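Required output: the full structure, derived from the provided sequences and hints.
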Amino acid sequence: MAPLRFFLLAALLPLFLACSSDKDDGQTTPAPEKPKPYELAIPATLPRNFIIPADNPMTVEGVEVGRNLFYETKLSRNNTISCGSCHQQQLAFTDGKAFSAGVNGAEAKRSSMSLANMLWFSQFNWDGSATTLEQQAVKPLEDPLEMHQPLPEAVAKLQQTERYPPLFEKAFGSPTITKENILNALAQFQRTLISGNSRYDRYLQNQEVFTPDEVEGMVLFMTHPDPSTHTRGGNCGDCHGGVLLTTRTFHNNGLDAEPQDIGLGDITGRASDKGRFKSPSLRNITLTAPYMHDGRFKTLEEVLDHYNEHIRFDTPNLDPLIMEASNMPNGTSLGLTAEEKRKIILFLHTLTDTTFINDKRFSNPFN
Amino acid sequence: MLIRFRSAFLLLIVLSLPFAFSACSDDKEKEPATATVQVNVQSLVDGQNLQRDYPYQSPAGDTYTVQKFRFYLSNVKLISEDGHTVYTEPDSYHLITMDGKSGFKLENVPAARYNKMEFAIGVDEARNHTIDQFGDLDPSNDMVWDWNTGYKFLLLEGLFTGDTKVGGLVFHVGEDSNFMLFNMDLPQALDLRQKPDGNIVLQTELSDLFRTPHLIDFDELNTAMGGENARKIVENYENGFIKVASGN
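First to last, the protein sequences are chains A and B.
Going by the working numbering, the first residue of the first sequence is number 1, and it counts up by one from there.
Going by the working numbering, the first residue of the second sequence is number 368, and it counts up by one from there.
In short, the hints are calculated from the structure, not lab data.
Just so we're clear, the structure is a prediction, and the values are computed from it rather than from any experiment.
Don't be surprised by glycine CBs; every beta carbon is placed ideally from N, CA and C.
A couple of the hints might just be wrong.
From the derived model, a few chain B residues whose C-beta atoms are all more than 12 angstroms from chain A [what the hints assert, rightly or not]:
#	residue
1	G525
2	H539
3	Q555
4	N566
5	V568
6	M592
7	G593
8	G607
So these bits of chain A aren't anywhere near chain B, every CB distance computed over 10 angstroms [to be verified]:
#	residue
9	G96
10	P225
11	T352
Pair by pair, the computed Cβ-Cβ distance ranges are [to be verified]:
#	chain 1	residue 1	chain 2	residue 2	range
12	B	Q415	A	I51	28 to 34 angstroms
13	B	T531	A	T231	36 to 42 angstroms
14	B	Q415	A	E309	37 to 43 angstroms
15	B	R494	A	T231	22 to 28 angstroms
16	B	T531	A	N206	29 to 35 angstroms
17	B	Q418	A	T231	48 to 54 angstroms
18	B	E474	A	I51	33 to 39 angstroms
19	B	Y421	A	D261	25 to 31 angstroms
20	B	E492	A	S129	39 to 45 angstroms
21	B	Q418	A	I51	24 to 30 angstroms
22	B	R419	A	P150	35 to 41 angstroms
Shown next, in the form of structure tokens:
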């Protein structure tokens, strides 16, 4: 409804503006204060293509509600955990665990994902099961393995507090809390979590010098190997390329011959999607261990070893980009040297953004 | 935020314009006659719409499926019959994808009778090596290699079963030397002097990417990342891979 209302308003305004005599009596009574538009500052190296849903415009007050809710333990069934429990700022909004801990010792199905730069995504979770941030939050909030509290109960709990009704009124015009406004506020806050000040970002802007090893690691990272042209490559950029350090696409990266968790395949029902998971952004990758949807690799070295030596070629739907990636003519593995792997990991270290993990605006307001 | 408010203001201004002119003044400017032309691109295999994961037969007799197919259509121009009017689309870069964008609008096309169309596959050298770009050239769009080599101009990924091998198809064509311009006659002239909109349909035929002059046998050539292999694909562009199917 919001866009329609907005459109009507916009259409009517000129009627009054076009021919009015520009007189101002200066006697207007102060209208109830409107929420202030939140101005997103997009770092120079990040894309300009993003969409804010028309029915959830970002406001300073809305983001503030979202930040409070993000760290609010009342959103869990037994008031013990918040979104921030599994998405900790110091770990680029992950939790360092293979499987996140839900209420009462429950364990989530997959590893917690970083929330950096969600502004640019349109498919969320490892399996792409949510298509808006507003919709995404429902699952962790209500899932018995996670926060395990139906949204109507969350609404009732928050309504009884002294803190929230006035915050919601400022942001959404009414002290009556709704589940839509809880989800809208959480989404608004998450859209502010922008990471674009790593050494790599400064390097791209010629404000930072890389060592020769880091440069070599970067080139290897971005390059698909092609023995026919003597081009050596680490083949990472095929799925983690571009300034977001992800192509935002879904791939089967050869972890298991018979994947128990089939990822995207469960969502689309397509046999060819079996075993595909989102390629996550590698920004802040040094902070987001353990790796993969099930956290099976503890270190970046283990990850590189997997891609270089342990790909399961018998998995269904192994990605063609992995199948056809070798540094040797007719090679059956990636074939990077230990030295090349080391340099790629050096490059991965340049993707850590300490400004992001220390930004007070993203921190827990209850501390 | 930026986007919403900027567009809100724009909307306001745009919506105000008719009132500003019609309500308070009666000097109606006679606008120069222009038209809008919708360009649609159909991706075909053997004349049928390209479908993901569907088994096709290649000209060399291999079976293959397609998971991803996308390319840059750029530098679009329309040229009038008398050669006097040339319409050049500003900022003309369109990432055509099998499951996303398949068309675009040419705006403010001068009224004339057009019988030729010019376009390119790829990104011209001037725009191929910078990162600070918007729209379809936004570097977050899955078509960038790295900042030295620029964009992938055409990308095809899938699987194949050949005579001796089973594997993946990974064709990433890029590099400045593989930027290719096409100048084509419209099947019938597009006369925009009498009507405000026109339509042009372009078709790509995937089979022709693998046919002439280089018959691509996937057992021997199933990946291209620039160099000689990519060049073969580019040289095949000119034999039916892309054509103007209709214009009216």
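Results of checking the hints against the structure:
A Cβ of chain A approaches the Cβ of G525/B within 12 angstroms, the least distance being about 6 angstroms, so the stated non-interface status is violated. With a minimum CB-CB distance of about 7 angstroms to chain A, H539/B fails to clear the 12 angstroms threshold, and the non-interface call is violated. At roughly 37 angstroms from the closest C-beta of chain A, the C-beta of Q555/B stays outside 12 angstroms, upholding its exclusion from the interface. Distance check on N566/B: its Cβ is at least 27 angstroms (rounded) from any Cβ of chain A, clearing the 12 angstroms threshold; non-interface status holds.
Every CB of chain A is more than 12 angstroms from the CB of V568/B (nearest about 27 angstroms), matching its label as outside the interface. With a cut of 12 angstroms on Cβ distances, M592/B falls inside the contact zone with chain A, its closest approach being about 4 angstroms. With 12 angstroms as the threshold on Cβ separation, the claim that G593/B sits away from chain A is violated: the shortest Cβ distance comes to roughly 6 angstroms. Look at G607/B: its CB is around 25 angstroms from the nearest CB on chain A, clear of 12 angstroms, so calling it non-interface holds up.
No beta-carbon of chain B comes within 10 angstroms of the beta-carbon of G96/A; the shortest separation is about 28 angstroms. Listed as a non-interface residue, P225/A fails to keep its Cβ farther than 10 angstroms from every Cβ of chain B; the least gap is roughly 8 angstroms. No Cβ of chain B approaches the Cβ of T352/A within 10 angstroms, the least distance being about 20 angstroms, so the stated non-interface status holds. Distance hint check for Q415/B and I51/A: the Cβ-Cβ separation is about 33 angstroms, which falls inside the suggested range of 28 to 34 angstroms.
Evaluation of the 36 to 42 angstroms hint for T531/B and T231/A yields a failure: the beta carbon distance comes to about 25 angstroms. At about 41 angstroms, the CB distance of Q415/B to E309/A agrees with the hint of 37 to 43 angstroms. Distance hint for R494/B and T231/A: a CB-CB separation of about 23 angstroms, consistent with the stated range 22 to 28 angstroms. Our hint of 29 to 35 angstroms for T531/B and N206/A is violated, since their Cβ atoms are close to 49 angstroms apart.
With their beta carbons about 32 angstroms apart, Q418/B and T231/A fall outside the hinted range of 48 to 54 angstroms. The hinted range of 33 to 39 angstroms is not satisfied by E474/B and I51/A, whose Cβ atoms lie roughly 22 angstroms apart. Checked against the hint of 25 to 31 angstroms, the C-beta distance between Y421/B and D261/A comes to roughly 27 angstroms, which is consistent with it. Evaluation of the 39 to 45 angstroms hint for E492/B and S129/A yields a pass: the beta carbon distance comes to about 42 angstroms.
Checked against the hint of 24 to 30 angstroms, the pair Q418/B and I51/A passes, with Cβ atoms roughly 28 angstroms apart. About 38 angstroms separates the C-beta atoms of R419/B and P150/A, a value consistent with the hinted range of 35 to 41 angstroms.
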